[in-house]
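A.B. asks: Sequences listed follow chains A and B, in order.
For the first sequence, my numbering assigns the number 315 to the last residue and increments by one with no breaks.
For the second sequence, my numbering assigns the number 320 to the last residue and increments by one with no breaks.
It is possible that some hints are incorrect.
[To be verified] Listed below are the simulated DMTMM-like cross-link pairs for lysine to aspartate or glutamate, each with C-alpha atoms no more than 20 angstroms apart in a straight line:
#	chain 1	residue 1	chain 2	residue 2
1	A	LYS252	B	ASP143
2	A	LYS28	A	GLU13
3	A	LYS252	B	ASP198
[What the hints assert, rightly or not] Some chain B residues near chain A, calculated using beta-carbon distances under 8 angstroms:
#	residue
4	ALA67
5	ILE73
6	GLU119
7	LYS133
8	GLU283
9	GLN284
10	GLU298
11	GLN302
Calculated from the structure, these hints are not laboratory results.
Built from N, CA and C at the ideal position, the CB exists for glycine as well.
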Amino acid sequence: MRRIRSKLMELAEAVVGTEYNAILILIKPHISTPRLTSVWESLLRILRPEVSNRLSLVIYGSKETVELPKPLSWDLKRAAQELIEHGIKDPVPIRKRSTAFYDILRILMVHWFRESGPLTSKTLGELAGFSYPTIAASLERLEPYLSIHSDRRVELRRFPEQPWREFLALSEGVRATRRYADRSGRPRAFEMLMERLRSEGSADTAIGGVLGARHYLPSLDISGIPRLDLTINASQIQRVDDIMHRLDPALKLAERNEPGRVVVHVVRQPQSLFTSDSDGNRWADEVDCILDLYEARLDQQAHELQSALSAKAIQ
Amino acid sequence: MNGLTPADVLAQVSAALPEHCRKHIIVIGSLAAGYSFFAGDSTKAVRTKDVDCILEPFEAAVATGEAIARALIDAGWQRRLAGEHTVPGTPATPDRDLPAVRLYPPSADMKSADAWFIELLTVPESEHQSERKWTRITLREGDFALPSFRYLSIVSYRALPVQSLGIRYARPELMALANLLEHPSIKLETIKSELPVDRRIKRSNKDLGRVLAIAVLADVDDFRPWIAHWLPALRHCFPSQWTSIAAKLGDGLRELLRSEGDFDQAYDTCINGLLSSVSTTREQLRIAAQRLIADAIEPVEQVARASTEPSKARQGNDDY
Numbered sequence: 001m002r003r004i005r006s007k008l009m010e011l012a013e014a015v016v017g018t019e020y021n022a023i024l025i026l027i028k029p030h031i032s033t034p035r036l037t038s039v040w041e042s043l044l045r046i047l048r049p050e051v052s053n054r055l056s057l058v059i060y061g062s063k064e065t066v067e068l069p070k071p072l073s074w075d076l077k078r079a080a081q082e083l084i085e086h087g088i089k090d091p092v093p094i095r096k097r098s099t100a101f102y103d104i105l106r107i108l109m110v111h112w113f114r115e116s117g118p119l120t121s122k123t124l125g126e127l128a129g130f131s132y133p134t135i136a137a138s139l140e141r142l143e144p145y146l147s148i149h150s151d152r153r154v155e156l157r158r159f160p161e162q163p164w165r166e167f168l169a170l171s172e173g174v175r176a177t178r179r180y181a182d183r184s185g186r187p188r189a190f191e192m193l194m195e196r197l198r199s200e201g202s203a204d205t206a207i208g209g210v211l212g213a214r215h216y217l218p219s220l221d222i223s224g225i226p227r228l229d230l231t232i233n234a235s236q237i238q239r240v241d242d243i244m245h246r247l248d249p250a251l252k253l254a255e256r257n258e259p260g261r262v263v264v265h266v267v268r269q270p271q272s273l274f275t276s277d278s279d280g281n282r283w284a285d286e287v288d289c290i291l292d293l294y295e296a297r298l299d300q301q302a303h304e305l306q307s308a309l310s311a312k313a314i315q
Numbered sequence: 001m002n003g004l005t006p007a008d009v010l011a012q013v014s015a016a017l018p019e020h021c022r023k024h025i026i027v028i029g030s031l032a033a034g035y036s037f038f039a040g041d042s043t044k045a046v047r048t049k050d051v052d053c054i055l056e057p058f059e060a061a062v063a064t065g066e067a068i069a070r071a072l073i074d075a076g077w078q079r080r081l082a083g084e085h086t087v088p089g090t091p092a093t094p095d096r097d098l099p100a101v102r103l104y105p106p107s108a109d110m111k112s113a114d115a116w117f118i119e120l121l122t123v124p125e126s127e128h129q130s131e132r133k134w135t136r137i138t139l140r141e142g143d144f145a146l147p148s149f150r151y152l153s154i155v156s157y158r159a160l161p162v163q164s165l166g167i168r169y170a171r172p173e174l175m176a177l178a179n180l181l182e183h184p185s186i187k188l189e190t191i192k193s194e195l196p197v198d199r200r201i202k203r204s205n206k207d208l209g210r211v212l213a214i215a216v217l218a219d220v221d222d223f224r225p226w227i228a229h230w231l232p233a234l235r236h237c238f239p240s241q242w243t244s245i246a247a248k249l250g251d252g253l254r255e256l257l258r259s260e261g262d263f264d265q266a267y268d269t270c271i272n273g274l275l276s277s278v279s280t281t282r283e284q285l286r287i288a289a290q291r292l293i294a295d296a297i298e299p300v301e302q303v304a305r306a307s308t309e310p311s312k313a314r315q316g317n318d319d320y
């Protein structure tokens with residue numbers, strides 16, 4: 001409810017001094033329509049009429065759509081409908097507390113693999129985008145695997161077996177994985193897709209999977225590349241289809257059980273842990289690469305990478 | 001004509017032409033595309049009835065056209081007597097009412113579905129020709145005309161030799177470019193046919209379908225190299241106009257993709273023509289279009305638009 005109030009106030013600020021109208025669209029909200037209507041009306045009372053008259057609220061529920069304070073004009077209704085369809089298709093991921101633990105686990109693992117030293121809770125919070133209580137709760141769960149330094153900085157001291165198994169089990173949902181199949185009959189080579197990705201120069205998209213694993217462990221025992229795994233920052237999630245189209249218009253969202261030629265995963269923390277090389281390639285972090293291998297049923301290779309990185313970290 | 005072997009037809013055409021005329025002949029259309037893609041494969045055929053031959057340069061077209069027509073008629077080639085204008089004209093006949101030179105080989109059974117004929121065309125006199133134009137040639141039988149279309153100069157640009165036969169054939173990627181330029185929108189004009197009006201194929205759909213067939217037959221997954229052929233051709237053939245015509249290069253193709261009915265017509269003409277030997281689904285043809293737009297059309301449009309803005313022109317031209 002606090003978020004909705006805040007969004008309405010943002011919209012009110014946005015229309016002040018402009019000629020624009022603004023609509024807040026709520027798609028299948030968990031709050032009842034009467035409750036939302038009441039919040040809406042109470043907020044409007046504190047706004048000047050020249051502002052409140054230009055604000056609308058659309059509640060797109062499972063059974064009905066409510067438009068406040070009155071039905072939208074035909075053109076606004078059409079615009080709203082487009083946004084609703086887009087919102088249903090590509091929902092903006094909401095960061096859930098339930099997945100926060102895995103984001104924090106990922107950061108600690110990557111820092112451990114990279115031997116980049118212990119982190120303060122504050123840094124961890126900034127990297128993960130969560131507040132102190134969430135960080136503290138996650139660190140408590142991870143305590144058996146942590147070294148806590150005298151200045152309260154923390155780092156992993158061994159591979160977090162149990163949390164990792166949980167992460168593996170939930171990874172597809174946590175990472176909002178999407179598969180894209182090639183429908184051209186003449187798939188583009190992975191090298192070409194990588195080259196196009198490089199020329200896009202996006203800082204928010206990185207290569208994982210077998211290619212990423214080979215980047216971190218050139219001796220990885222695998223021949224051939226079954227698919228291209230990409231990791232994108234959550235801020236780009238609504239652009240995924242566009243990014244895919246630019247890589248290759250032949251890439252279409254795969255049907256259920258259809259193998260993906262390109263598989264896209266989402267990382268949610270505000271600061272990505274991507275690395276880059278001198279050729280201009282951007283690489284997904286080590287954790288993503290291991291998860292990608294497991295997801296592609298390359299368990300042997302996933303274990304090989306995980307072991308190699310852990311052994312290096314323990315040394 | 002069902003199952004033309006492009007190399008055989010080109011050899012027959014070349015052999016019938018006066019030797020000094022061959023260097024002025026460029027074969028275009030589906031036969032040229034078929035030759036380009038299937039030359040080494042005797043199992044691949046092309047369905048076409050007309051073998052379109054451009055005479056170029058324009059300055060040599062009249063003399064070459066007269067010499068070729070004379071040689072072929074004297075060798076027993078038979079005039080195709082179909083269409084609106086079939087009777088040779090007199091000096092008083094307006095150019096637009098003259099018949100084109102369309103000739104069947106001496107042994108052809110003109111009623112056969114396999115019969116093919118040669119048609120002579122020429123390039124435009126200058127880049128400023130916007131409509132179809134007729135150039136008169138005079139034979140013993142009377143006056144005929146060589147039609148020319150605005151974008152035939154693109155098709156003839158840097159044509160390739162047909163083995164050692166002395167004639168040339170158009171580069172497929174430039175035939176694709178010419179068809180894109182010809183159709184910045186889906187026009188209502190239909191191909192002449194005995195079918196009911198609502199069943200007739202729109203000319204735009206056939207020609208834009210040809211673009212997609214070429215894209216499929218090129219058997220590449222990257223169309224960016226086409227830009228290196230397109231831009232020099234545009235600049236050479238339309239030095240004062242290329243930016244304005246290239247800026248809307250893909251508009252017709254995008255319209256085709258938006259219209260299911262038009263796309264279906266394009267697809268049908270492809271699988272009954274150039275793609276008759278190559279299994280292609282609707283989705284694959286659509287993807288070929290999308291790849292072509294993203295790889296070649298959009299970059300060329302961007303260069304053209306940038307070239308009209310002085311501040312961006314240098315950047316756009318430096319990229320290609």
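A.B. asks: Hint compliance check: list the failing hint numbers for this structure, sorted ascending.
C.D. replies: 1, 2, 3, 4, 5, 6, 7, 10 and 11
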